[in-house]
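Visitor: Chains A and B, in that order, give the protein sequences.
The numbering of the first sequence is my numbering, which starts it at 1 and goes up by one.
The numbering of the second sequence is my numbering, which starts it at 135 and goes up by one.
The hints are simulated quantities; they were obtained by calculation from the structure and are not laboratory data.
Among the clues, some could well be false.
Distance ranges between label pairs, derived from CB positions [as the list claims (entries may be wrong)]: (1) B:Glu140 <-> A:Ala134: 21 to 31 Å; (2) B:Val143 <-> A:Glu86: 34 to 44 Å; (3) A:Glu76 <-> B:Gln183: 28 to 38 Å; (4) A:Ala34 <-> B:Leu155: 29 to 39 Å; (5) B:Met135 <-> A:Ala49: 36 to 46 Å; (6) A:Tyr36 <-> B:Leu182: 48 to 58 Å; (7) B:Val167 <-> A:His114: 42 to 52 Å.
Dumping the calculated DSSO-like pairs for lysine-lysine here, alpha-carbon to alpha-carbon at most 27 Å [as the list claims (entries may be wrong)]: (8) A:Lys52 <-> A:Lys120; (9) A:Lys72 <-> A:Lys17; (10) B:Lys172 <-> B:Lys187; (11) A:Lys72 <-> B:Lys187; (12) A:Lys118 <-> A:Lys72; (13) B:Lys172 <-> A:Lys52; (14) B:Lys187 <-> A:Lys60; (15) B:Lys172 <-> A:Lys72; (16) A:Lys52 <-> A:Lys118; (17) B:Lys172 <-> A:Lys60.
Selected chain A positions facing chain B (in silico; Cβ < 10 Å) [unchecked claim]: (18) Val64; (19) Ala126; (20) Asp131; (21) Leu132.
Yeah, the Cβ is synthetic: ideal placement off N, Cα and C, and Gly gets one too.
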Amino acid sequence: MATLADLKEVAGHSELKADAQLDQLSSELRQRLASYQDRLLDVEGEMIALFKLAVLETRKIDDVEAIAGVWKALAELYNRRLARVEEVFRRHQQDLEELGTDESTASIPAQLNHLTQKLKGLRDRATELYDLHA
Amino acid sequence: MISPEELAVLADLYARSAHNLDPFSPDARQANVEFLRKVDELYEREDLQSVSKSDFKVGLIRRCKAFLRRNDPRLGL
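The shape of chain B in the complex, shown without the other chains:
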């Protein structure tokens, strides 16, 4: 189970990576790495046998986008 706090952290990392308009931003690349590391961590912790890691990640991205839309319309657009 992903807590609201964890989702907020993930959404922030996702936005810093995927919503960054600067293609050469070191922060965007760092956030990308941290987001994927967090996804790995959560996938291990949740121990979901029936869901592939890729599907788990896609599911989390959807939730991040929904979170951003709800909490920061500017970021969620």
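For reference, chain A alone in the conformation it holds in the complex:
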């Protein structure tokens, strides 16, 4: 027959287990967000590298219509990326708000905002170069 002390012990274990599970979940979420931060930096680097590649390629092309085509395609790509980043931001907003006070994740909204601004800048510049050659 279980004594009151036994029950307290079981309850205590159960609580500790629940705490451990919550800690683990939180840790997994933080790891996912940390890898997400790395991915954000990768996306920015890739998008800027694509721009530079397009400049170098279009320098070699004489066909002005083809140059316009390159910039149009790139502007569309930036637009699609922008829409994707905004969608991800919306989807994870609640998680981000909950974790916003932690120093490892507090910078994510700012990073997403930074990436959004960079993508808008890239899209606008690619559109400008399309208009220049169109």
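Add chain B to chain A, keeping to what the hints say.
Guide: Just chain B, lined up with the frame of chain A:
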């Protein structure tokens, strides 16, 4: 008739805009605006009835590219 000096100015503006590797460069955006303003000016001055402004601009870009290739192989590539 576009003078060689005018073409040199246009080519410089074009290169500063279209050949700039920095997508966030204020100078590239400024050069872009100035290039288009210059194209407008020249189009008005030349009074070409049979050529659209867009075709005129494309023709000028071709000439700028040829100019850059002749005068600055690094920019013209």
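Visitor: Taking the earlier hints as the rules, which of them does this structure contradict?
Guide: 7, 9
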